[in-house]
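Chains A and B supply the protein sequences, listed in that same order. Throughout the first sequence, residue numbering follows this note's numbering, covering 1 to 148 in sequence. Throughout the second sequence, residue numbering follows this note's numbering, covering 1 to 122 in sequence.
These are computed hints drawn from the structure, not numbers from a lab.
Listed next, the stretches of chain B that the computed footprint assigns to chain A, with coverage defined by at least 3 CB atoms under 8 Å from CB atoms of chain A:
id, stretch
1, 20–27
2, 30–43
3, 79–92
4, 100–114
Residues from chain B that keep clear of chain A, each with C-beta distances beyond 12 Å, as calculated:
id, residue
5, P6
6, R49
7, S50
8, Q53
9, Q56
10, P59
11, D65
Derived DEER-like restraints, expressed as beta-carbon distance ranges:
id, chain 1, residue 1, chain 2, residue 2, range
12, A, T19, B, R38, 18 to 26 Å
13, A, M114, B, S108, 50 to 58 Å
14, B, Q83, A, V53, 19 to 27 Å
Here a beta-carbon is modelled for each residue, glycine too, at the ideal position from N, C-alpha and C.
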Amino acid sequence: MGLFNIMDISAAAMGVQRTRLEVAATNLANAQTSSASPGATYQPLAAIVRSVVPSQADPSRMASGAAEDNLPVPVVAELVPMNVAPRRMYEPGHPDADAQGFVNYPGIDPVSTMLDLISISRSYEANLKAFDITRSLLQRSLDIGSQR
Amino acid sequence: MFSIDPVLELLSRSLDACTLRQGVYAANIANADTVGYRPLEVSFEESLRSAAQLSQSAPSAQQMDVLRQIEPSIVPAAADTVQLDQQLALMDKNAIRYQMLVGGFERSISLLRMAVLEGREG
Numbered sequence: 001m002g003l004f005n006i007m008d009i010s011a012a013a014m015g016v017q018r019t020r021l022e023v024a025a026t027n028l029a030n031a032q033t034s035s036a037s038p039g040a041t042y043q044p045l046a047a048i049v050r051s052v053v054p055s056q057a058d059p060s061r062m063a064s065g066a067a068e069d070n071l072p073v074p075v076v077a078e079l080v081p082m083n084v085a086p087r088r089m090y091e092p093g094h095p096d097a098d099a100q101g102f103v104n105y106p107g108i109d110p111v112s113t114m115l116d117l118i119s120i121s122r123s124y125e126a127n128l129k130a131f132d133i134t135r136s137l138l139q140r141s142l143d144i145g146s147q148r
Numbered sequence: 001m002f003s004i005d006p007v008l009e010l011l012s013r014s015l016d017a018c019t020l021r022q023g024v025y026a027a028n029i030a031n032a033d034t035v036g037y038r039p040l041e042v043s044f045e046e047s048l049r050s051a052a053q054l055s056q057s058a059p060s061a062q063q064m065d066v067l068r069q070i071e072p073s074i075v076p077a078a079a080d081t082v083q084l085d086q087q088l089a090l091m092d093k094n095a096i097r098y099q100m101l102v103g104g105f106e107r108s109i110s111l112l113r114m115a116v117l118e119g120r121e122g
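With these hints in hand, go ahead and build the complete structure from the sequences.
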């Protein structure tokens, strides 16, 4: 039974938020990459996060009977392309421009990506705070029995 | 956990519940962004209350057995979405309670120590 497992939950969540951050940053970084054909345009990615209950996912942990193994842990299940249509800009002088003078850019919405970044950083902070609180409890229980 | 003192037993049961509650709040915060996640809660006080009623009628020899039946359990919370600030506030409150219980634990142990040492300074 342990506070250690609880710290693992918060740590796993911070890992998930970091992956989401990497995905959002990659999307934002590639927002201005152009291409000549719509099919070759960079496809923005989305991180799919799922909750996994360790005791259900791994039968060997079922036997341990620890209550913390029944608590859901977030994992990044997969990174999938968002399948959005490319943004077409009229730039006739551009080397990637087609016959009509249009250049294909990835269909990334910078505003919603920035909002994602804010929510990611809020979640990360909340998990870090939770981690800190659990750590302080662990530290406090280590003091049991020490002479004062 | 086996203990010789009903107070220690009760304190350790409550500490178990506090630990589980800490885990549940951590899991709620961790899964806040998962689509379709329902927050969880820990039910413990009901079990405690029914044990308190049982122990009033039980003979003193069975008091410890009644105490050992107190068990925290994970139940779905009333709200259907996670609110980060609220969960953090609950977690902070729970942490204070945990520290309070550890303090009570230490005090009980120091009373036992006093009895073992017959009041002399050890």
